[in-house]
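Student: Given next are the chains, with one letter for each unit.
2 protein chains.
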Amino acid sequence: MTTADHLSTTFAALADPTRRAILARLSSGEAAVTELAEPFEMSLPAVSKHLKVLERAGLIARSREAQWRPCQLDAGPLKDVADWIEHYRRFWTESFDRLDDYLHRLKTKEKKHARQ
Amino acid sequence: MTTADHLSTTFAALADPTRRAILARLSSGEAAVTELAEPFEMSLPAVSKHLKVLERAGLIARSREAQWRPCQLDAGPLKDVADWIEHYRRFWTESFDRLDDYLHRLKTKEKKHARQ
Numbered sequence: 002m003t004t005a006d007h008l009s010t011t012f013a014a015l016a017d018p019t020r021r022a023i024l025a026r027l028s029s030g031e032a033a034v035t036e037l038a039e040p041f042e043m044s045l046p047a048v049s050k051h052l053k054v055l056e057r058a059g060l061i062a063r064s065r066e067a068q069w070r071p072c073q074l075d076a077g078p079l080k081d082v083a084d085w086i087e088h089y090r091r092f093w094t095e096s097f098d099r100l101d102d103y104l105h106r107l108k109t110k111e112k113k114h115a116r117q
Numbered sequence: 002m003t004t005a006d007h008l009s010t011t012f013a014a015l016a017d018p019t020r021r022a023i024l025a026r027l028s029s030g031e032a033a034v035t036e037l038a039e040p041f042e043m044s045l046p047a048v049s050k051h052l053k054v055l056e057r058a059g060l061i062a063r064s065r066e067a068q069w070r071p072c073q074l075d076a077g078p079l080k081d082v083a084d085w086i087e088h089y090r091r092f093w094t095e096s097f098d099r100l101d102d103y104l105h106r107l108k109t110k111e112k113k114h115a116r117q
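Chains G and W, in that order, give the protein sequences. Following our numbering, the numbering of the first sequence begins with 2 at its first residue and continues without gaps. Following our numbering, the numbering of the second sequence begins with 2 at its first residue and continues without gaps.
No lab work stands behind these hints: they were computed from the structure. One or more hints might be untrue.
Lysine to any residue pairs mimicking SDA-like chemistry, simulated, CA-CA at most 25 Å apart [to be verified]:
hint	chain 1	residue 1	chain 2	residue 2
1	W	Lys110	W	Asp98
2	G	Lys80	W	Asp81
3	G	Lys80	W	Ala83
4	G	Lys80	W	Thr94
5	G	Lys80	W	Ser9
Some, not all, of what chain G presents toward chain W, calculated at C-beta under 7 Å [unchecked claim]:
hint	residue
6	Phe12
7	Ala13
8	Leu15
9	Ala16
10	Thr19
11	Ala76
12	Leu79
13	Lys80
14	Val82
15	Ala83
16	Ile86
17	Tyr89
18	Phe92
19	Trp93
20	Ala115
Computed footprint of chain G on chain W, listed as stretches where at least three residues anywhere in the stretch have a Cβ under 8 Å from a Cβ of chain G [stated by the list, open to error]:
hint	segment
21	20–31
22	69–78
23	83–93
For every residue, glycine included, the Cβ atom is placed at its ideal position computed from N, Cα and C.
One chain only, chain G, in its complex shape:
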């Protein structure tokens, strides 16, 4: 799989609040499928479907050792997303700088008016 396609698979896997909630849960430690299903009031097959999407994207790994096959977070693909997004950082930093400038000018203006 090329990096471009790999990124598309990762982004598609992240485009769902339940799947992001599963990753958030796994960020505090490995968990069994039944544990992951609990907070969502979802059927096990529904959760398994989400887990398959995450597994295919390489975002989780399932242990083959233990019989309960716990799921673990694999943050590798998230690093690729972070690297991709880094290119755009200057855009939101710039727009916050512009907002900051604007608020500063507004304050100076207000002070002037107060003095008059």
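Mind docking chain W on chain G? Use the hints.
Tutor: Just chain W now, kept in the frame of chain G:
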């Protein structure tokens, strides 16, 4: 729209190599739809469809002033993605640290063997 849904819309919009290429092009300045279509050998309706997805996700804005209605990058939603991903940074940093440790141990072992 809640932040969670907004993130899903952003991730879904980013899950396509053509749409990411359009954003990359716009990161070097605004462009007309015809200009954006050129490198992809795509029909204008196909490009327009991608632009609509990006616009709905708030990733691009189209000027209403000029008659050619140039597209501009709007990095706001990308900041939300960067904020979301920040929570997971420690995971890939940790795994690189572990790799670094492993390589260090390997080197020390090799040196020992060379001396014997």
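Student: Hint by hint, say whether it matches the structure.
Tutor: Status of the hints after comparison with the structure:
no.	hint	verdict
1	Lys110(W) x Asp98(W)	holds, 18 Å
2	Lys80(G) x Asp81(W)	holds, 16 Å
3	Lys80(G) x Ala83(W)	holds, 11 Å
4	Lys80(G) x Thr94(W)	holds, 9 Å
5	Lys80(G) x Ser9(W)	holds, 18 Å
6	Phe12	holds, 4 Å
7	Ala13	holds, 4 Å
8	Leu15	holds, 4 Å
9	Ala16	holds, 4 Å
10	Thr19	violated, 10 Å
11	Ala76	holds, 3 Å
12	Leu79	holds, 5 Å
13	Lys80	holds, 4 Å
14	Val82	holds, 6 Å
15	Ala83	holds, 5 Å
16	Ile86	holds, 5 Å
17	Tyr89	holds, 5 Å
18	Phe92	holds, 3 Å
19	Trp93	holds, 4 Å
20	Ala115	violated, 33 Å
21	20–31	holds (count 4)
22	69–78	holds (count 3)
23	83–93	holds (count 8)
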